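Undergrad: Sequence:
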Amino acid sequence: MPVEIARSGFRDARVALVTGAARGIGLGVACWLLVEGWKVVLADVDAERGTVIAEALGESAAFVTMDVANDKQVAAGVAQALARFGRLDALVCNAAITHAHNGPLESLPLSRWQRVIDVNLTGTMLLARHCAPYLRARNGAIVNLCSTRAHQSEPDTEAYAASKGGVLALSHALAISLAPEIRVNVVSPGWIDARDPAQRRAEPLTDTDHAQHPTGRVGTVEDVAAAVAWLLSPTAAFVTGQELIVDGGMTRKMIYA
1 MPVEIARSGF RDARVALVTG AARGIGLGVA CWLLVEGWKV VLADVDAERG
51 TVIAEALGES AAFVTMDVAN DKQVAAGVAQ ALARFGRLDA LVCNAAITHA
101 HNGPLESLPL SRWQRVIDVN LTGTMLLARH CAPYLRARNG AIVNLCSTRA
151 HQSEPDTEAY AASKGGVLAL SHALAISLAP EIRVNVVSPG WIDARDPAQR
201 RAEPLTDTDH AQHPTGRVGT VEDVAAAVAW LLSPTAAFVT GQELIVDGGM
251 TRKMIYA
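To convert, note that position 118 of the sequence shown is 118 in the UniProt record's numbering; the numbers rise steadily by one, no gaps.
Bear in mind the hints are in silico, worked out from the structure with no lab data behind them.
No experiment lies behind these values; they were computed from the predicted model shown.
Note that CB positions come from ideal geometry on N, CA and C, so glycine has one too.
Careful: at least some of the hints might be erroneous.
To be verified - The calculated label-pair distances, taken between Cβ atoms and stated as ranges, are:
no.: 1; residue 1: P197; residue 2: P109; range: 22 to 28 Å
no.: 2; residue 1: T220; residue 2: R252; range: 17 to 23 Å
no.: 3; residue 1: P180; residue 2: L105; range: 38 to 44 Å
no.: 4; residue 1: A83; residue 2: A257; range: 51 to 57 Å
no.: 5; residue 1: Y256; residue 2: P197; range: 31 to 37 Å
no.: 6; residue 1: P104; residue 2: P234; range: 46 to 52 Å
Just need the whole structure built from these sequences, with the hints factored in.
TA: In structure tokens, the structure reads:
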């Protein structure tokens with residue numbers, strides 16, 4: 001092993017590595033797991049914000065700087081997580097570029113396309129590759145954050161849709177390759193209001209935003225975090241290679257203009 005597993009008082013608690021955890025869904029997942037008694041390593045490219053958040057969350061949380069598209073940074077971040085808490089039971093791959101282009105295909109720069117694929121898709125593979133030996137030792141689990149955009153699209157979102165479609169396929173491939181020791185599943189959120197509280201208060205969503213959902217409201221980070229936590233839990237021990245769509249029913253709704 002590249003890192004000698006630390007022997008500490010943390011060794012008996014489950015440990016999760018959550019990427020893209022400095023804000024939004026990733027932070028929501030990290031906080032949910034902490035409440036459930038996990039130790040959590042938050043990973044993000046935003047070192048300043050991530051460090052402050054991890055310190056505020058207490059000794060059960062730690063932060064590592066990580067660009068998930070950078071193989072060396074992923075390897076170093078996993079090593080730091082092991083050095084801090086001594087084990088790894090779960091991986092949550094949430095880091096992604098979400099506003100991928102939103103312009104005509106003809107004006108999509110190849111560099112932009114490649115960066116989105118590198119972060120959203122290749123980063124997910126790199127994390128699985130580096131974490132697999134440690135997750136296998138704990139009969140651990142992986143949850144990859146995908147999107148309903150893997151199934152349906154708005155115009156000018158080719159890079160994002162392609163990357164998330166890739167994550168969906170990669171995940172069921174990993175579920176078979178890493179079985180039976182490691183379970184791999186996907187959570188695909190729909191419209192989730194993952195903005196900071198101050199922005200949500202300043203620019204509240206409209207009644208129309210909420211009412212179009214069969215559930216009557218736009219989703220929250222807690223909706224997604226609860227789904228992720230369940231898939232990581234022993235009660236989901238018979239679930240692998242699956243996609244859990246958390247979208248308030250929108251992908252089942254027929255819409256005619």
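Undergrad: Now look at each hint and say whether the structure bears it out.
TA: Results of checking the hints against the structure:
1. Between P197 and P109 the Cβ separation comes to about 34 Å, which falls outside the hinted range of 22 to 28 Å.
2. Take T220 and R252: their Cβ atoms lie about 20 Å apart, and the range 17 to 23 Å holds.
3. The beta-carbon spacing between P180 and L105, approximately 42 Å, falls within the hinted interval of 38 to 44 Å.
4. In this structure the hint that A83 and A257 lie 51 to 57 Å apart at CB holds, the actual value being about 56 Å.
5. In this structure the hint that Y256 and P197 lie 31 to 37 Å apart at CB holds, the actual value being about 36 Å.
6. At roughly 48 Å, the beta carbons of P104 and P234 sit within the given window of 46 to 52 Å.
Comparing the model with each numbered hint stated earlier shows that hint 1 is the single one that does not hold.
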